[in-house]
Each structure stands twice: as C-alpha cells, then as structure tokens.
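**Student:** So the chains spell out like this:
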Amino acid sequence: MSSAAQAALRRSRWLNAGSFLALLAAWFLLTLPLVGGKPLVPPLFLPSPFAVADTFATLLKNGYQGKTLLHHIGISLFRFGVAFAISLVTAVPLGLWMGMNESVKAVLDPPIEITRPMPKLALLPLLIIWFGIGEVSKIVIIVLALFPILSISAMQAVRAVGTRKIQAALALGASRRTIFRRVIFPASLPGIFTGIRVSIGLGVTMLVGAELIATTAGIAFMAMSASDFLLTNVVIVGVLVMAVIGYALDLVARALENRIVHWGGKEG
Amino acid sequence: MTTPDPVAPVAKASFEAVTKRFGSGDDAVQALEPVTLELAANAFVCLVGPSGCGKSTLLNLLAGFETPTSGRVLMEGRPVTGPDPKRGVVFQQGALFTWMSVEENVAFGPTARGKPAAEAARIAAHYVEMVGLGSFARRYPYELSGGMQQRVGIARALANDPEILLMDEPFAALDAQTRELLQEQIKRIWQETRKTVLWITHSIEEALFLATEVVVMTARPGRIKARYAPTFAQSRDPAVVTSPEFVRMKAEIFGLLREEALTAQRQEEER
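Protein chains in written order, with the working numbering: chain A, 15 to 282; chain Z, -18 to 252.
Chain Z extracted, bound-state conformation (with noise of 0.2 angstroms):
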C-alpha cells in the first residue's frame, strides 16, 4: 500500500480497478468490469447508464453496503470497510423510519452518533427548514406526499453533516414537476452546502442539470464509456436546460445510452 501523495490533492472518494461479481459459478453476474473513477471534493458527479449496469453497486460499495471482488473503494485515502456516517446515502423510497415523527427521522443520525437529545433537535430544527418542512416537523412520513418524503430522507443524510452523500435514484418515484422543483432545491442545497455527491439517475437531463461531472456507463457487466462535465450545475437558472449546449449534450448522451439501453434489452431476452 501506498500512502497517498502529500503534494498531489486526494480525492474525496475514488474507485481503483474495482470489479463486483455477484453469486458464484454458473449463476455468477459479472455487475462491474474494471472501474475507475475519482470523486473530487465538491463535485457534483451523475452517473447515468441502462438499468441492471451496475451504477447502484458503485454507490453500494463507496457506501459500505457491499465490498468489491476486486480493485479498491477509497474515501480519502483509505479503504472503505463499511457504511461510515461520513458518508451520508439517500434512497429511492421506503428508507425511511415510519414511526418516527419527520424530526425524528432527521435527529436520528447525531442522536446515534451520542449528540445529546436538545442539540440533535436543534440539527434537525436546521435541515427540516432547510428542505422546507419547518411546518411538517411534528408529522409521520405516511402523511406526507412522495417529494416530501424525499426532502425529509436528504435532510436526514444531510443532518450528519456528511462529507460526501451518496443518492440512489432520488427522485425516480416522483412525478415530473415535483421533480423538477426537488432539483432546483437540491441544486441550491449543493451551492450552499458544497458536499461531494455522488448522484445515481435514470435521467439525462437531471444529470446535465446538477451535476459537475456526468458518467455515462455501459451495459452490463458496467464500464464507465464517457464522461462529460457539463457547467450548468453553476447556473441558478432553471431556464439554463433549454440552451442550445444543454440540448446538444442531452443529444449526444441520449445517443450513447440509447445504444446500451438496447445491449442490455438484448441480455435481458437471452436469459
């Protein structure tokens, strides 16, 4: 092992040659060939790519959910050995703890994590307000529509104050305009907040829309086939999806993913 250079920056999270292989001998599922990326701090990066192409078995193993088969996952350096609260995760839907109140819910990381029961609420005073719940604080998640669902599971990642979160097709559940509104917010959020993210979406137009860095993958068994860093991520203006540089890109990843989204059809029908 190699300790990391003191002159060159380390970057926040990177995944060196990892490869996951799912099962063993016949039924085994090669999910992952050789991947390689690094997560900068601060950098908003998408990854996009066919469904089944690995793209939530990156975001498990840089969570600690799942360990590769081969190859590395670091978060600054070090090798990730488990889900660390350093590393906040947001999931689709159905994560969240529906017993608990919304401020429950959002207190429940610095509470685990020994804060005292008054300055947890405090905390999560802060992030409900922050994704404008402040006047839903006191209710459970089954009375709340699905965006507002999701407001409340990045709140609760984002009251740990994690270094990098990690979100796993947030806003897939969501009807259109719900989205998009969530992602102006979210957008905000990052500008405000800078973390690392690490953003999983069927969406190429989310993708272009938030992200510093945009990672197209292939079919499965996943590799990563191009990447692009779009700037729109910097604007704050929700008009910035219709310029002619938006529609271009949106083009072009529309193009590559067309293509493995027909690979992966093809391996779904010979199974």
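Just chain A, same shape as in the assembly (with noise of 0.2 angstroms):
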C-alpha cells in the first residue's frame, strides 16, 4: 500500500473513531444533569449513558422477569442460528442447482421471485395460526426471508463463472463432477458469502421482528416487555445487545469470508 492511501486510511480511521466519540458524548451530554441540576432530555425518554450501564449490570446478576439476560440472549441466538442453518443448508444446494440447470430454474425461479419482494412479517399472522406462537413460527418466518436472498445470489454467482475457467477445466481432463466441486463451486464463494452477509443483516431483522409479538422470551421481547412498563433503561440495553449480536454476527461472517474466499473478486 502507498503511503498516501495508508495516510488516508488513518484518517478515515480518525474519522469513525471521532463520530463514534461524538454521538457518545451528545448523549452524556443530553442525558446528564449539568446545568441546573436537570438533564435535558428526562431519564424517561434517554436514560443517561450510566444508568444504562447499570441496569445491564442488575440484567445480567438479576435478570428480566425471571430470565436472566443470558437467558433471552440465548434464547434469540437460538433462533436466529436455527433458522440461519436451515437456510443455508437448503437454499445454497438448490441455488446452485439451479445455476447449473436451465430447467431446475425454470421451475424453481418463478416463486422465488415473485415471492421475493413480499415482507415477510406480513406473514406472520398467518405462520402463528399455523404453527402456533411457539419457536416454529419465528424459525420458519425467517428461513422464508432468507431462503430467496441466499437461493438467488448462489445462482447468480454460479452463472457468473467464466466461461474460460471452464473451458480449462474441460480441456484439462476433468469430468463434470470435478469441474463443480474444484471450480464452479469454488468461483461461487465469494457470490455465496455475499448473500451471507445480507442475509444476517435481514435474519437479524426478521428475528427481532418475529419477538416483538406473542413470544416470552428473546432479546426483544425483553425490550418490547419493558417498553409496557416505561422501563426505558432496560429498553436501551436490549437495543444496545441487539445491535451488538448484528455486529458480531457480521464480523464473523466477514472474518470467515477473509479466511475461506481470500482470493475473493481478484482475478488471476
């Protein structure tokens, strides 16, 4: 790297560093009694940075309504790491599939796609009547916003193999099942792990979604719960937790991206 792009690296590293400063000071700012003896925005609407630290304290010694905040954390990982694996293990196999096969798109491309745009919460309603309030709604609810994001960019990235790629392969001798496993599915990876990380931003989304209703337990519940009791301390850590669990998901999915598809979108 030219050291003009690593000065501009460190200054953009600055530059997250010192907005992340500033949001955290605005809400010392806000929520701390320093004029006057009152915070600007009352503790019933923004908690200061303190009370919530202590409320995620008694959270996890105490817990929420019985359940420690493990518990709930465990409960929506759960959830989330269910219906994630279900997702994976079936759309990936049947993307592919359908990148390698006209007819097998054929059939299988119209309900994806017309399904696709649908938001999936809309369902919801109805997955409960089917399947109660239980952990089969929420799992199946966001398999169903996974499966087309994951099944379509598997597809899309088999299609998009060079067609030269495979025509070494071909004239190197390899027969159509070497030629999947040692280079249409490896040159699908970094399309597959793409669809990876847009799909854990939406699961997320979709996991929070599902807890917000008819549940007892969850990360979002909890939040839900004590939005009833005006407990807004315990609100903020449950949105905090969230937005942490999001975080760390998609570090790890772009860790194991960086390790597994290190050669991703170069070409050679």
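Some hints here could point you the wrong way.
In silico lysine-lysine, DSS-like type, Cα no more than 30 angstroms apart, as pairs [claimed, not checked]: (1) LYS119/A / LYS176/Z; (2) LYS119/A / LYS179/A; (3) LYS176/Z / LYS231/Z; (4) LYS96/Z / LYS206/Z; (5) LYS206/Z / LYS231/Z; (6) LYS67/Z / LYS96/Z; (7) LYS179/A / LYS168/Z; (8) LYS96/Z / LYS231/Z; (9) LYS67/Z / LYS179/A; (10) LYS231/Z / LYS168/Z; (11) LYS168/Z / LYS206/Z; (12) LYS179/A / LYS231/Z.
Derived by calculation from the structure, the hints in this document are not laboratory data. Predicted, not measured: the structure shown is a model, and the values here were computed from it.
Make the complex out of the two chains shown on their own, each in a separate frame, by following the hints.
**Tutor:** This is the structure in structure tokens:
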C-alpha cells in the first residue's frame, strides 16, 4: 500500500472514532444534569449512559422477569442460528442447482422471484395460526426471508463463473463432477458469501420483528415488554444488545469470508 | 469416411474445408469460409489476422469448445468431438483457478485425470520449475504479475503432457518487455518438448520469432490468405529479429495484414 493510501486510511480511522465519540458525547450532554441540576432530556425518554450501564449489570445478575439476560440472548441466538442453518443448507444447494441446470431454474425461479419482494413479516399472523406462537413460527419466518436471498445469490454466482475457467478445466480432462466440485463451487463462494452477509442483517431484523409479537423470551421480547412498563433503561440495553449481536455476527461472517475466499473478486 | 493412408504421414491435426457460422437468420455471422489447414507433428503454427477474422474460432474448434458448421476437424485422423486433455489450451487471461495456489493449478490436470496426489504434485513441481516459478509454487494467482500468471497457464497446460498446445493470444495482455522474455522462454520450451503448437497472435514479430509456419488470415469471413515457413524458430539468438530476412518477411506480412485490417475496419463501420 502506498503511503498516501495509508495516510488516507489513518485519516478515515480517526474520523470513524471521532464520529463515534461525538455520538457518545451527545448522549452524555443530553442526559447528565450539567446545568441547573436537570438533564436536557428526561430519563424516561433517554436515560444516561451510567444508568444504562447500571441496568445492564443488574440484568446480568438478576435477569428480567425471572430469566437471566444471557437466557434471553441465548433464546434469540438459538432462533437465529437454527433458522440461518436451515436456510443455508437448503437454499445454497438449491441455488447452485438452479445455476447449473436451466430446467431447474425455469421451475423454481418464478415462485422465488414472485415472493421475494413481499415483506415476509406480513406472513407472521398466518404462521402463528399454522404453527402456534412457539419457536416454529419464528424460525419459519426467518427462513422464508433468508431463503430467496441465499438461493438467488448462489444461483447468480454459478452463472457468473467465467466460461474460460470451465473451458480450461474441460481441456485439462476434468469430469463434470470435478468441474463442479473444484471449479464452479469454489468460484461461486465469493457470491455465496455476499448473500450470507446480506442475509445476516435481514435475519436479525426478522428475528427482532418476530420476537416483538407473541412470545415470552428473547432479547427483543425483553425490550418490548420493558417498554410496556416504561423501563427505558431496559429497552436501551435490549436495543444495544441487539445492535452488538448484529454487528458481531457480521464480523464473524466477514472473518470467515476473508479466510475462506481470500482471493475474493481478485482475478488471476 | 476413409481410413488414413498408412504410408502417408498423418498430420497431427487438420482442418478440412471447415466453415463456421454463428447465429441464424439475419443476425447470422459467417466467421469462417472454408479453411483447410494441416498441423504437422512438432510444427509451431502461428495464426495472424485482423480482429474478428476467426482465428480464435479455429482454435476453439480444434480445442473442441465449438463444432464446425461444415467440414471436419481432425486430430490424428479422428474427428474432434469435444475437449480432450491431448489438446492443452492456454488462454489470454482470466482462466486460472484463482482459489488454487500455483502448484494446485498446475496439478489440476494430472489430478483430474486420476493421477495419485503425490504423483500429480511431483509433475506440477517439474512444470512450475520449467516456467521458472519454483519459488512461487505456494502463491496464489492474484499475488503474481500478469507475465507470471501466463507462465502458470502454460505450465498447467504442459502438465498434462498434451500432444498439441493451443494458445489463444497468451501474451497479448502483457507489456512489451515481459512479452519478449516469455517468447524466448516459450521458444526454449518448444525446442525442448517439441510439442505441436497452434498459436494465435496479433504480433507479426512474435509469429516470425516463434513459428515454423505463419498463416495469415483474411478479414471476416476468415480464409487463409498466405502462408510462410520462417526458419527463425530454430535459432537460439534473440537478435535474429534484426536479420534482413526477418525484416523483409515482417514487412511483407505487415502489408498483407494492413489490407485486411482496413477491410475489417470498414466492416465494423458498416454494421
């Protein structure tokens, strides 16, 4: 990397940190009794960072409504994890198949494309009738949202594999099976990972949406329930925990991506 | 169908009155007029011609990526029906397996053809060494320069020990200095291995420097316009390009190609 590029990178790091600190400072300024003993924004609307930190510690120790904070986080992660795993192992192979086979694509593309723009959360009332208010309806709604993204990204990744790479493999004597396993699949991985990262963001959103309705555990449930009692501190802890979960999942996906598809996008 | 005459030497590969038309109806493009061409064993045949003249189509036909509209493409007297490891292909760029290291790329052919991993690795090491990339065996294509990437492509094709090497403008995307060095390397490799080569290029100099036979093609639809049998390929002296004979032949082919390039340009403007 050139020194100019390094300088630009350092500069943008500083700006990143600065903008984050400015937000934090604004939070302090608005919520601490700096002038005349009363904060600018009453704690009911926005508690101070210290109060939120206190609440976080209490929730960790005593839990919320008889269940520990970690229990709520665990339930949420469980729902997300199961739904994500189901989507991954069904949608990606199907997408690969659609990319390889024109007939399979012709059959499966219309239902996926037609339902794709539909907001899946709208189906939740129906799913609750079908599957009840237990875990199944929540997992199904997340799977429904992730499936089209993962399958279409896998399909497009296959279709974008360069003809020359496939011709090269053919001319080297590779069988169809070998070409799929050692050329088409690895060449599709960067595209599949793009789908994975998009679906993590959407999956967390769906999780929160599903947990806001008809449930008794989960981190979004905790925030929603606390809102009924005007426990703003707990609500903010819930929001921050969800933000951290979303961010952490994206970090994990990015780390895996950098490791597994280290060549990503770079031509050779 | 006739069986090959046992007395006459069978050409390594041949095109018999091959034509190729792409598309149909009004959009159809006649890429090749009947082309008849033989590649003798151990020959190094260079095809030169203006853009879009069907050079690459000829190569793709022999590789087995395309089928002729009429005529026959033969390999040792038998029709070509599809890609075959006997005919190694080197592309201009973008054909390396970017997720594999240099040695894995080169070992791909032997492994795909069922060689045990250890043997494939040994073969790969040999050819990686032959193209001078021994110390880059563990690197990935995106870590290499364009010239090195092309050497990987050449080593990968050679690792299958093919009978014919088909090279589609392998050096076209490289800078002039890199290209000259690689031309010398390819000449050395050809002198060592004596593979039959079909090489496509825009560069007359490259063709004269490397080829035992230079085939000049017309603008689309491609036909053979002229053939030359230069002897510079036998030389080991890079300075051969300054000999009067070389310069004279180059000027002559340049004249032929210029006419065809002008025709090709008019064709493009009329479209």
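**Student:** Next, verify each hint and record whether it holds.
**Tutor:** Evaluated hints:
no.	hint	verdict
1	LYS119/A / LYS176/Z	violated, 43 angstroms
2	LYS119/A / LYS179/A	holds, 22 angstroms
3	LYS176/Z / LYS231/Z	holds, 25 angstroms
4	LYS96/Z / LYS206/Z	violated, 44 angstroms
5	LYS206/Z / LYS231/Z	holds, 15 angstroms
6	LYS67/Z / LYS96/Z	holds, 15 angstroms
7	LYS179/A / LYS168/Z	holds, 26 angstroms
8	LYS96/Z / LYS231/Z	violated, 45 angstroms
9	LYS67/Z / LYS179/A	holds, 18 angstroms
10	LYS231/Z / LYS168/Z	holds, 19 angstroms
11	LYS168/Z / LYS206/Z	holds, 25 angstroms
12	LYS179/A / LYS231/Z	violated, 35 angstroms
Hint check: violations occur at hints 1, 4, 8, 12; the rest are consistent with the structure.
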